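2 protein chains.
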Amino acid sequence: MDIQKLVKPNIRSLRAYHAEEIPCKVKLDANESPYSAISNQRSAISLEKNLQTLNRYPDPQATALRKLMAKELKVKPGNILHGNGSDELIYYMITTFGGSVMYPVPTFSMYGIISQALDEKKIEIPLDKDFDIDTEKTITAIKKYRPKLIFLSSPNNPTGNCFSSERILRIIKATSFSKQHKGDSRIAPTSSLVVVDEAYQSFSNEKSFLPLLDKYRNLIVLRTLSKIGLAGLRLGFLIANEEIINEVNKVRLPFNVNSLSQAVAVEALKNKKQMRSYLTSIISERKRLFREMEKIDGITPYPSDANFILFRAADAVRVYKRLLAKGVLIRDLTGVIENCLRVTVGTPGENTVFLRTLKQLI
Amino acid sequence: MDIQKLVKPNIRSLRAYHAEEIPCKVKLDANESPYSAISNQRSAISLEKNLQTLNRYPDPQATALRKLMAKELKVKPGNILHGNGSDELIYYMITTFGGSVMYPVPTFSMYGIISQALDEKKIEIPLDKDFDIDTEKTITAIKKYRPKLIFLSSPNNPTGNCFSSERILRIIKATSFSKQHKGDSRIAPTSSLVVVDEAYQSFSNEKSFLPLLDKYRNLIVLRTLSKIGLAGLRLGFLIANEEIINEVNKVRLPFNVNSLSQAVAVEALKNKKQMRSYLTSIISERKRLFREMEKIDGITPYPSDANFILFRAADAVRVYKRLLAKGVLIRDLTGVIENCLRVTVGTPGENTVFLRTLKQLI
Chain A
1 MDIQKLVKPN
11 IRSLRAYHAE
21 EIPCKVKLDA
31 NESPYSAISN
41 QRSAISLEKN
51 LQTLNRYPDP
61 QATALRKLMA
71 KELKVKPGNI
81 LHGNGSDELI
91 YYMITTFGGS
101 VMYPVPTFSM
111 YGIISQALDE
121 KKIEIPLDKD
131 FDIDTEKTIT
141 AIKKYRPKLI
151 FLSSPNNPTG
161 NCFSSERILR
171 IIKATSFSKQ
181 HKGDSRIAPT
191 SSLVVVDEAY
201 QSFSNEKSFL
211 PLLDKYRNLI
221 VLRTLSKIGL
231 AGLRLGFLIA
241 NEEIINEVNK
251 VRLPFNVNSL
261 SQAVAVEALK
271 NKKQMRSYLT
281 SIISERKRLF
291 REMEKIDGIT
301 PYPSDANFIL
311 FRAADAVRVY
321 KRLLAKGVLI
331 RDLTGVIENC
341 LRVTVGTPGE
351 NTVFLRTLKQ
361 LI
Chain B
1 MDIQKLVKPN
11 IRSLRAYHAE
21 EIPCKVKLDA
31 NESPYSAISN
41 QRSAISLEKN
51 LQTLNRYPDP
61 QATALRKLMA
71 KELKVKPGNI
81 LHGNGSDELI
91 YYMITTFGGS
101 VMYPVPTFSM
111 YGIISQALDE
121 KKIEIPLDKD
131 FDIDTEKTIT
141 AIKKYRPKLI
151 FLSSPNNPTG
161 NCFSSERILR
171 IIKATSFSKQ
181 HKGDSRIAPT
191 SSLVVVDEAY
201 QSFSNEKSFL
211 PLLDKYRNLI
221 VLRTLSKIGL
231 AGLRLGFLIA
241 NEEIINEVNK
251 VRLPFNVNSL
261 SQAVAVEALK
271 NKKQMRSYLT
281 SIISERKRLF
291 REMEKIDGIT
301 PYPSDANFIL
311 FRAADAVRVY
321 KRLLAKGVLI
331 RDLTGVIENC
341 LRVTVGTPGE
351 NTVFLRTLKQ
361 LI
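Line order of the protein sequences matches chains A and B. The numbering of the first sequence is the working numbering, which starts it at 1 and goes up by one. The numbering of the second sequence is the working numbering, which starts it at 1 and goes up by one.
Just so you know, the hints here were simulated from the structure itself, not pulled from any lab data. Just so we're clear, the structure is a prediction, and the values are computed from it rather than from any experiment. Among these hints, one or two may not hold up.
A pair holds if it fits inside one copy or across any two, identical chains being indistinguishable in the list.
[Stated by the list, open to error] Mimicking EDC-like on lysine to aspartate or glutamate, the simulated pairs with C-alpha atoms at most 16 Å apart in a straight line are:
id, residue 1, residue 2
1, Lys8, Asp119
2, Lys129, Glu338
3, Lys143, Glu124
4, Lys71, Glu267
5, Lys143, Asp119
6, Lys5, Glu243
7, Lys215, Asp2
8, Lys287, Glu350
9, Lys250, Asp119
10, Lys8, Glu120
11, Lys326, Glu294
12, Lys287, Glu166
13, Lys215, Asp128
14, Lys25, Asp2
15, Lys27, Asp59
16, Lys74, Asp130
17, Lys8, Glu243
18, Lys250, Glu20
19, Lys25, Asp132
20, Lys121, Glu206
Go ahead and model the full structure; you've got the sequences and the hints to work with.
Below is the structure:
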């Protein structure tokens with residue numbers, strides 16, 4: 001008898017998300033902010049009190065944090081569920097609703113990994129040539145597979161673009177059940193929950209889908225603190241109508257967000273001014289990076305609404321390896337999109353090193 | 001169309017773990033240590049560096065922490081999987097192996113809640129009259145239901161006792177596949193993984209099952225920092241043979257333990273001297289509590305190997321409510337064991353307040 005025989009078949013063939021630490025001088029591989037969003041002295045002081053009470057379990061409701069986020073996002077605290085990163089909230093949604101899970105590809109890899117871990121069918125719809133949603137194919141697949149959950153990351157990782165708002169809206173409407181009339185199959189051929197993952201929303205000019213929560217009961221929005229300077233805390237938020245929150249909350253581990261992450265996030269959110277100035281710098285640097293990359297022969301950057309830039313390069317693997325040899329770590333996506341690499345926007349200094357090194361290679 | 005119709009049937013009937021904050025002066029309800037296991041000044045200094053790098057994702061392998069825990073537990077780092085509390089590791093084990101989940105009752109409620117959340121069959125075997133494992137009933141049920149996972153919390157929550165080591169061993173042997181011989185159904189009527197949850201091991205005189213990992217490939221041990229003064233960090237550890245670790249690791253979210261919890265736990269584990277003196281104090285106070293409670297008419301405390309005492313009281317709900325009215329919060333277990341309440345061992349001062357208040361009520 002072997003351990004393998006006790007493992008569920010869907011897990012046997014699963015390969016875990018690969019996250020290894022590669023030594024480098026300039027780290028531009030993981031879509032992290034180059035700036036920690038927390039001012040040090042103030043937080044060290046506030047943390048002392050938290051260290052003294054670490055013998056106690058965390059606030060299971062994350063009351064203070066959810067209240068602050070609610071104010072920030074202009075929703076009620078009852079519309080917010082807190083997660084140990086968005087990853088955990090994706091786990092919880094699939095656990096709660098099950099059924100087939102649909103998403104366009106390429107996109108954030110965790111939708112597929114978690115679906116497989118939880119033994120749910122994955123329905124992957126290729127994006128069109130502009131990396132936008134292929135609406136016709138998607139609607140057809142919705143009718144065929146009737147997925148319970150549809151994940152739309154916008155801005156999308158790793159392509160960097162926002163999906164067209166009209167196309168997202170068409171999918172929300174096609175699967176909506178708030179205005180469904182009996183026998184009117186044009187309005188709602190099937191019902192699904194549409195999860196708009198706005199992890200990179202802070203870097204985008206497109207509007208958030210949050211104001212549409214009142215109108216569409218099948219809409220769920222994901223947000224995270226990971227891209228705006230607090231990846232180390234692991235904090236994601238699911239925003240939806242209260243009836244959805246109540247169901248997903250049933251499968252949430254009661255103490256899923258630890259005390260220190262709650263406390264530091266509250267501190268950080270009280271000081272939005274600094275966070276905003278970092279965002280402005282990152283957006284301005286993204287524009288500079290794009291302009292400079294466009295000038296390099298053999299490099300084709302794609303427009304981005306996020307804090308990273310996808311680009312095409314002839315002999316991309318060689319470019320990736322030679323950048324790394326010079327201490328600059330970016331993300332090799334050649335296994336996902338032919339000849340493509342992804343660079344995270346860093347500090348002005350880091351971006352200059354990246355550009356200089358890239359120019360020397362080409 | 002209603003949201004309910006999209007929810008999986010097993011979730012519809014699920015009630016989430018109830019964790020609400022009840023205001024009180026003396027908090028003896030949650031089996032927390034009364035002492036934070038981290039000395040403040042040193043940690044505040046070390047945390048500053050961590051705050052400066054919170055823009056980075058945590059170490060997905062928790063390398064430093066697992067190395068320290070490995071030394072502490074006398075195993076290899078490759079035998080340890082880190083979780084956002086043991087709760088998360090229970091989630092991951094059931095996700096990985098599925099199948100029926102067996103455990104004695106009453107016990108830690110999360111085994112059942114998580115099994116239901118993940119839609120796996122729960123097989124609950126009542127403990128015998130001494131709160132020990134009913135070996136015959138358990139072995140019979142193992143043959144009948146062939147569970148993939150058997151959870152044994154020892155010391156057991158909420159009863160406080162250790163199960164007899166011989167009985168635990170009999171179950172491990174009955175489900176072992178390391179020494180299985182063809183056709184020899186006496187040795188291994190079926191194969192299961194036996195999870196000995198040693199959350200309260202630090203307070204017990206019984207031996208840990210960790211040294212048996214080499215001998216029994218179907219054994220898994222759970223440990224946590226939650227009961228020894230670091231509940232706020234959310235840190236649990238699964239210790240098992242590497243082939244089990246590798247499978248469960250596939251369903252682990254890559255960044256499941258945040259940077260601050262990793263850093264503070266490393267600090268705390270470097271200073272085991274203080275932690276040990278706290279444990280000594282808690283064990284000595286548990287003995288005093290037990291002696292004093294035995295003297296109170298109408299109160300029957302059960303012997304405990306943990307940091308809490310289960311006790312029987314005539315009109316237990318009234319006792320619970322009147323203690324709370326006086327500011328002393330303990331746990332009402334009357335819904336689980338008739339007329340039973342559970343009190344966590346606090347500081348000497350807290351225990352004295354509890355005893356005095358209890359005496360006044362009876």
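Going through the hints against the structure:
1. Taking identical chains as interchangeable, the C-alpha atoms of Lys8 and Asp119 lie at most 16 Å apart whether they share a chain (9 Å) or sit on different chains (14 Å).
2. For the homomeric pair Lys129 and Glu338, the shortest alpha-carbon distance inside one copy (13 Å) is at most 16 Å, but the shortest distance between copies (66 Å) is not.
3. With identical chains, the CA atoms of Lys143 and Glu124 are at most 16 Å apart within one copy only, with a shortest distance of 14 Å there and 41 Å across copies.
4. Taking the closest pair of Cα atoms, Lys71 and Glu267 come within 16 Å of each other only inside a single copy of the chain (15 Å); across copies the shortest separation is 35 Å, beyond that limit.
5. When the C-alpha separation of Lys143 and Asp119 is checked against a cutoff of 16 Å, the pair qualifies neither within a copy, at 21 Å, nor between copies, at 26 Å.
6. Taking identical chains as interchangeable, the C-alpha atoms of Lys5 and Glu243 lie at most 16 Å apart only when they sit on different chains, with a minimum of 12 Å there against 39 Å within one chain.
7. Taking the closest pair of Cα atoms, Lys215 and Asp2 come within 16 Å of each other only across two copies (15 Å); inside a single copy the shortest separation is 52 Å, beyond that limit.
8. Taking CA atoms no more than 16 Å apart as the test, Lys287 paired with Glu350 passes inside one copy only; the shortest distance there is 15 Å, against 61 Å between copies.
9. Taking identical chains as interchangeable, the C-alpha atoms of Lys250 and Asp119 lie at most 16 Å apart only when they sit on different chains, with a minimum of 13 Å there against 20 Å within one chain.
10. When the C-alpha separation of Lys8 and Glu120 is checked against a cutoff of 16 Å, the pair qualifies both within a copy, at 12 Å, and between copies, at 12 Å.
11. In this assembly of identical chains, the alpha carbons of Lys326 and Glu294 never lie at most 16 Å apart, being 22 Å within a copy and 72 Å across copies at closest.
12. Proximity of Lys287 and Glu166 under a CA criterion of 16 Å is satisfied in neither setting, with 25 Å inside one chain copy and 68 Å between copies.
13. With identical chains, the CA atoms of Lys215 and Asp128 are never at most 16 Å apart, being 28 Å at best within one copy and 55 Å at best between copies.
14. Proximity of Lys25 and Asp2 under a CA criterion of 16 Å is satisfied in neither setting, with 43 Å inside one chain copy and 53 Å between copies.
15. Taking the shortest Cα distances, Lys27 and Asp59 sit within 16 Å of each other only across copies (14 Å), while inside one copy they are farther apart (34 Å).
16. Neither within a single protomer nor between protomers do Lys74 and Asp130 lie at most 16 Å apart by alpha-carbon distance, with minima of 32 Å and 55 Å respectively.
17. For the identical chains of this complex, Lys8 and Glu243 are inter-copy neighbours only, at 14 Å across copies versus 32 Å inside a copy, given an alpha-carbon limit of 16 Å.
18. Taking identical chains as interchangeable, the C-alpha atoms of Lys250 and Glu20 lie at most 16 Å apart only when they sit on different chains, with a minimum of 14 Å there against 33 Å within one chain.
19. For a Cα distance limit of 16 Å, the shortest separation of Lys25 from Asp132 qualifies neither inside one copy, at 34 Å, nor across copies, at 57 Å.
20. Taking identical chains as interchangeable, the C-alpha atoms of Lys121 and Glu206 are never at most 16 Å apart, the minima being 31 Å within one chain and 46 Å between chains.
In this structure, the earlier hints numbered 5, 11, 12, 13, 14, 16, 19 and 20 are contradicted, and the remaining ones agree with it.
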